[in-house]
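**Student:** Residue numbers (my numbering), protein chains in the order written: chain Y, 1 to 265; chain L, 266 to 637; chain G, 638 to 934.
Treat the hints with care, since some could be wrong.
[As the list claims (entries may be wrong)] One-sided excerpt, in silico: chain G residues whose CB lies under 10 Å from chain L:
| # | residue |
| --- | --- |
| 1 | 697 |
| 2 | 839 |
| 3 | 895 |
| 4 | 896 |
[Said to hold, decoys possible] Computed footprint of chain G on chain Y; a stretch qualifies when at least three of its residues, placed anywhere within it, have a C-beta under 8 Å from a C-beta of chain G:
| # | segment |
| --- | --- |
| 5 | 58-66 |
| 6 | 77-89 |
| 7 | 109-116 |
| 8 | 154-167 |
| 9 | 199-208 |
In short, the hints are calculated from the structure, not lab data.
Ideal placement from N, C-alpha and C gives every residue a C-beta, glycine not left out.
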Amino acid sequence: MNSDTRRRSTQLCLAIPAAFLLVAPTLVVVPMSFTASPLLSFPPTGFSTQWYGRLASDEAWRLATLTSLSVAIQATLLATSVGTLTAFGIARGRFPGKSLVQALVLSPAIVPIVLVAIGTFFAYGRVGLVGTPAGLVLAHGALAVPLVVVTVAASIETMDPRLDLAAASLGAGPFRTFFLVTLPLIRPGVLAGALLAFVTSWDELVVSLFLTTPVLRTLPVEMWTSVREQLDPTVAAASTMLVALSTAGLVIAYVIGLRQARRKS
Amino acid sequence: MSKYYAKSCVVDDVNLASQPGEFLTLLGPSGSGKTTTLRMIAGFLNCDRGSISIQGRDVTGVPAHKRGTGMVFQHYALFPHLTAEQNVAFPLRMRGMGRREARATARSMLERMHLDGRGQHLPAQLSGGQQQRVALARALVFEPTLLLMDEPLGALDKKLRDALQIEIVNICREIGVTVVYVTHDQEEALAMSDRIAIYKDGRIAQIGTGEELYERPASVFVSQFIGSSNVIEGDYDAQLGVLRSRAGSVRVEESAAVGTSCAKGGPASLVIRPERIEVCSEGTPLASGRSHLTGLLEESTYLGSVHRYQVQLADGTTVQARMPALARADVWVGDRVQVVWNDRDAVLLEQEQSTVQPSSDSAGEVTYVSTP
Amino acid sequence: MVDAVVVVSGAPSQETGPPEARKSRFNGWAWLVLPGLVFILAVFGWPLGEVVVRSFGGDGAVQNYGVFFDSPIYFRALNSTLITSASVTLSCLLIGYPYAYLMSQSRRTELLLAIVLLPIWTSFLVRTYAWQIWLQDTGVINSTLLRMGVIDEPLSLIRTNLGVVIGMTGILLPFAILPMFTVMRRIDRELVRAAENLGAKPRIAFRRIFVPLSLPGVYSGCLLVFVLALGFYIAPAILGGTSSPTLSTLIIDKVQRELDFHTASALGVTLLLIALVAVAIGSRVVRIRDVFGGGAP
Numbered sequence: 001m002n003s004d005t006r007r008r009s010t011q012l013c014l015a016i017p018a019a020f021l022l023v024a025p026t027l028v029v030v031p032m033s034f035t036a037s038p039l040l041s042f043p044p045t046g047f048s049t050q051w052y053g054r055l056a057s058d059e060a061w062r063l064a065t066l067t068s069l070s071v072a073i074q075a076t077l078l079a080t081s082v083g084t085l086t087a088f089g090i091a092r093g094r095f096p097g098k099s100l101v102q103a104l105v106l107s108p109a110i111v112p113i114v115l116v117a118i119g120t121f122f123a124y125g126r127v128g129l130v131g132t133p134a135g136l137v138l139a140h141g142a143l144a145v146p147l148v149v150v151t152v153a154a155s156i157e158t159m160d161p162r163l164d165l166a167a168a169s170l171g172a173g174p175f176r177t178f179f180l181v182t183l184p185l186i187r188p189g190v191l192a193g194a195l196l197a198f199v200t201s202w203d204e205l206v207v208s209l210f211l212t213t214p215v216l217r218t219l220p221v222e223m224w225t226s227v228r229e230q231l232d233p234t235v236a237a238a239s240t241m242l243v244a245l246s247t248a249g250l251v252i253a254y255v256i257g258l259r260q261a262r263r264k265s
Numbered sequence: 266m267s268k269y270y271a272k273s274c275v276v277d278d279v280n281l282a283s284q285p286g287e288f289l290t291l292l293g294p295s296g297s298g299k300t301t302t303l304r305m306i307a308g309f310l311n312c313d314r315g316s317i318s319i320q321g322r323d324v325t326g327v328p329a330h331k332r333g334t335g336m337v338f339q340h341y342a343l344f345p346h347l348t349a350e351q352n353v354a355f356p357l358r359m360r361g362m363g364r365r366e367a368r369a370t371a372r373s374m375l376e377r378m379h380l381d382g383r384g385q386h387l388p389a390q391l392s393g394g395q396q397q398r399v400a401l402a403r404a405l406v407f408e409p410t411l412l413l414m415d416e417p418l419g420a421l422d423k424k425l426r427d428a429l430q431i432e433i434v435n436i437c438r439e440i441g442v443t444v445v446y447v448t449h450d451q452e453e454a455l456a457m458s459d460r461i462a463i464y465k466d467g468r469i470a471q472i473g474t475g476e477e478l479y480e481r482p483a484s485v486f487v488s489q490f491i492g493s494s495n496v497i498e499g500d501y502d503a504q505l506g507v508l509r510s511r512a513g514s515v516r517v518e519e520s521a522a523v524g525t526s527c528a529k530g531g532p533a534s535l536v537i538r539p540e541r542i543e544v545c546s547e548g549t550p551l552a553s554g555r556s557h558l559t560g561l562l563e564e565s566t567y568l569g570s571v572h573r574y575q576v577q578l579a580d581g582t583t584v585q586a587r588m589p590a591l592a593r594a595d596v597w598v599g600d601r602v603q604v605v606w607n608d609r610d611a612v613l614l615e616q617e618q619s620t621v622q623p624s625s626d627s628a629g630e631v632t633y634v635s636t637p
Numbered sequence: 638m639v640d641a642v643v644v645v646s647g648a649p650s651q652e653t654g655p656p657e658a659r660k661s662r663f664n665g666w667a668w669l670v671l672p673g674l675v676f677i678l679a680v681f682g683w684p685l686g687e688v689v690v691r692s693f694g695g696d697g698a699v700q701n702y703g704v705f706f707d708s709p710i711y712f713r714a715l716n717s718t719l720i721t722s723a724s725v726t727l728s729c730l731l732i733g734y735p736y737a738y739l740m741s742q743s744r745r746t747e748l749l750l751a752i753v754l755l756p757i758w759t760s761f762l763v764r765t766y767a768w769q770i771w772l773q774d775t776g777v778i779n780s781t782l783l784r785m786g787v788i789d790e791p792l793s794l795i796r797t798n799l800g801v802v803i804g805m806t807g808i809l810l811p812f813a814i815l816p817m818f819t820v821m822r823r824i825d826r827e828l829v830r831a832a833e834n835l836g837a838k839p840r841i842a843f844r845r846i847f848v849p850l851s852l853p854g855v856y857s858g859c860l861l862v863f864v865l866a867l868g869f870y871i872a873p874a875i876l877g878g879t880s881s882p883t884l885s886t887l888i889i890d891k892v893q894r895e896l897d898f899h900t901a902s903a904l905g906v907t908l909l910l911i912a913l914v915a916v917a918i919g920s921r922v923v924r925i926r927d928v929f930g931g932g933a934p
């Protein structure tokens with residue numbers, strides 16, 4: 001009994017450094033966004049919501065937020081549709097050279113991001129895609145495809161293949177089987193993939209740095225420029241908003257998960 | 266001599282003592298506390314009250330790795346990254362045996378289990394039966410005084426199970442190890458054990474040899490868990506030696522009620538095994554020492570060696586009879602029939618509220634239907 | 638025969654043939670990879686091709702790749718990239734393993750998992766920037782220590798390699814923890830119990846049984862962290878000093894400031910080769926698809 005408690009407390013102590021590293025960023029950003037001083041120093045002095053006000057009123061921040069949202073939504077739709085199809089091809093398809101195709105489709109996750117950034121800058125520059133929302137959507141979409149493919153392929157593979165056979169034996173043709181049985185079953189995987197795709201685009205900075213112009217900036221690019229040029233707490237406010245938004249996303253995902261779990265039981 | 270006494274919420278007031286070299290089986294429905302008892306003996310769970318001793322040594326607070334009990338787990342728990350031989354050598358290495366000696370000992374143990382040539386295989390490359398034997402070899406190789414087995418045959422198919430039952434009993438006898446074996450399969454328990462402890466709701470309902478449990482069950486629950494039985498509920502009149510049930514009155518021998526709390530009279534259940542019941546057409550004269558009730562023949566099924574009849578009595582109670590197929594009666598479904606038994610084959614027991622959930626293997630055989 | 642409901646005749650069914658004959662090399666599902674393949678090749682493969690082509694252009698490949706021998710700054714950048722990535726990988730492993738272990742054993746897995754996922758759903762940039770607030774001279778650590786009187790002048794945590802490693806470890810930790818956790822969760826607890834029953838002390842049971850079985854997760858996590866760390870640009874740019882730039886900061890400098898696309902491309906291809914070598918080594922012990930399966934489980 002005694003040795004058990006000791007073992008458990010050792011486990012807990014050893015896990016503390018990791019827990020600290022994980023929560024430390026969030027711990028400072030939130031209080032800093034409410035500082036009254038125009039300087040980014042710790043601890044924050046006074047209390048004020050002026051930086052949130054600036055975030056809402058400043059034209060540049062507002063535009064950047066809208067651009068980021070629109071790009072992220074389009075990139076998500078693109079990556080999810082392309083990625084889901086590919087996932088079916090990889091999970092169920094049989095063809096020569098499959099492992100090569102798989103490696104190619106997954107390559108955006110492996111290639112160092114810096115390389116992607118300068119590559120898209122060179123290539124998209126030739127066809128006038130630099131500085132356009134379309135360029136951002138295509139590049140972000142490519143980065144997100146591997147995440148969708150892996151997530152969806154995993155849920156296709158864990159699906160009981162006999163369910164498809166059962167549907168067929170009950171008289172459903174291949175198309176109806178797909179839309180009435182297969183797709184609903186893998187929907188959690190597709191949703192998870194889409195969520196990852198959205199976050200990938202929403203959060204992407206390095207490639208965007210090369211594809212944006214002073215008149216077309218995404219939120220991370222705006223923040224980056226702000227950090228480099230004048231360090232003021234608007235950045236902390238923007239970060240807090242992002243944390244709040246992603247926490248909300250996490251909670252929504254959790255609730256969806258709960259509801260699905262409940263429906264199953 | 267091994268002795269255990271333990272008490273907790275899941276397992277309440279369990280008293281067990283097993284003899285050296287004995288094969289003791291803990292039998293009961295799932296959730297009845299038999300696995301909990303086993304895990305307490307192994308040292309994976311603490312007992313909140315009571316004590317456990319092995320060979321006279323009190324091991325109550327001793328951690329699992331110092332208890333020296335061999336254990337075969339439900340899904341074998343073979344280490345998937347070690348070969349069969351390495352698995353078997355593991356306990357020897359843990360006891361400080363040299364690498365080479367441990368290998369040699371492990372190999373001869375594997376040979377003894379007819380696993381020669383499989384030593385270099387990983388568990389995943391072995392069949393279910395082979396994995397089972399490796400698990401047994403691993404648990405026995407360091408010559409423990411006590412071997413614990415937790416439904417070790419549960420994952421195997423019937424034929425393999427039957428073969429391994431015999432194999433396990435033989436090897437344990439040969440080695441002389443004391444075995445505590447957990448199962449929910451009554452046939453397995455009967456086939457393997459010297460004694461069986463029947464569990465119900467965290468308590469031992471009865472402990473004894475298979476024959477004792479079958480012939481003199483201490484409760485309706487036991488009578489239905491080991492084999493199957495017909496239950497006739499009624500009011501026992503000790504003076505007249507008669508049980509008055511709604512389906513009619515029957516004679517009860519005095520000896521049938523001895524030792525039970527209803528010996529003095531009151532509500533009681535008369536329990537009779539289906540194979541001790543005979544079905545014949547109504548009005549057939551009876552020999553002395555025999556009792557009968559009448560009812561409607563509902564079902565008559567040929568099962569090869571036996572013929573099964575199902576009769577509904579006047580109060581709705583269903584009675585099953587199993588007669589040798591050769592001795593089948595000249596009765597047909599829908600006939601009025603009488604069910605007949607020898608008075609000395611019936612046991613009088615206390616009435617019980619709950620119905621039994623049958624073990625999976627005897628699902629079709631439980632005949633107990635509570636009277637409305 | 639005519640009235641029969643089921644008729645089974647003696648012809649051999651297709652399923653009973655030899656496996657090679659039964660499995661054709663191609664099926665209809667295969668067509669579905671085409672859109673993805675075309676998309677990736679056009680939108681992603683072409684840019685990569687441009688980089689490779691440019692690394693051979695200009696004054697020629699010898700000149701472009703030769704920079705490593707011309708100026709020590711490039712060689713030092715290569716060195717610093719490798720050392721930073723390796724240290725980040727090691728510290729992620731050492732710090733993340735106990736946490737993943739706790740996650741796999743604890744009853745509060747959900748809470749512990751939420752702590753890991755929170756940063757993943759928070760922007761990279763925000764987290765890097767938050768580390769700046771922790772580490773800078775007027776930051777949390779220094780101002781606390783100064784006020785407590787432990788130190789007289791701020792520790793130089795930022796603009797140093799130490800700062801980069803701390804920040805990157807914090808940022809990449811979830812990518813180390815999640816694969817390790819996924820594998821650890823699947824380890825049958827009964828195995829450790831079995832080892833203890835067979836006479837192994839808890840510490841030995843952990844080392845001989847649990848650790849070897851968790852290795853696939855360790856490999857996945859390390860590979861993922863190492864490859865991601867290679868391409869990191871944001872963290873070194875914000876937290877690192879100017880004295881030892883990494884390859885990625887050099888590459889972006891070359892393109893943005895010096896407009897020297899050819900050297901930048903050569904450096905980029907070098908970085909790519911390092912990543913590919915790491916993945917090739919990694920693919921011997923783990924399935925690559927499992928490694929790069931995205932952050933969230």
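**Student:** Out of the numbered hints, which ones does the structure contradict?
**Tutor:** As far as the earlier hints go, 1, 3, 4, 5 and 8 are violated by this structure, in ascending order.
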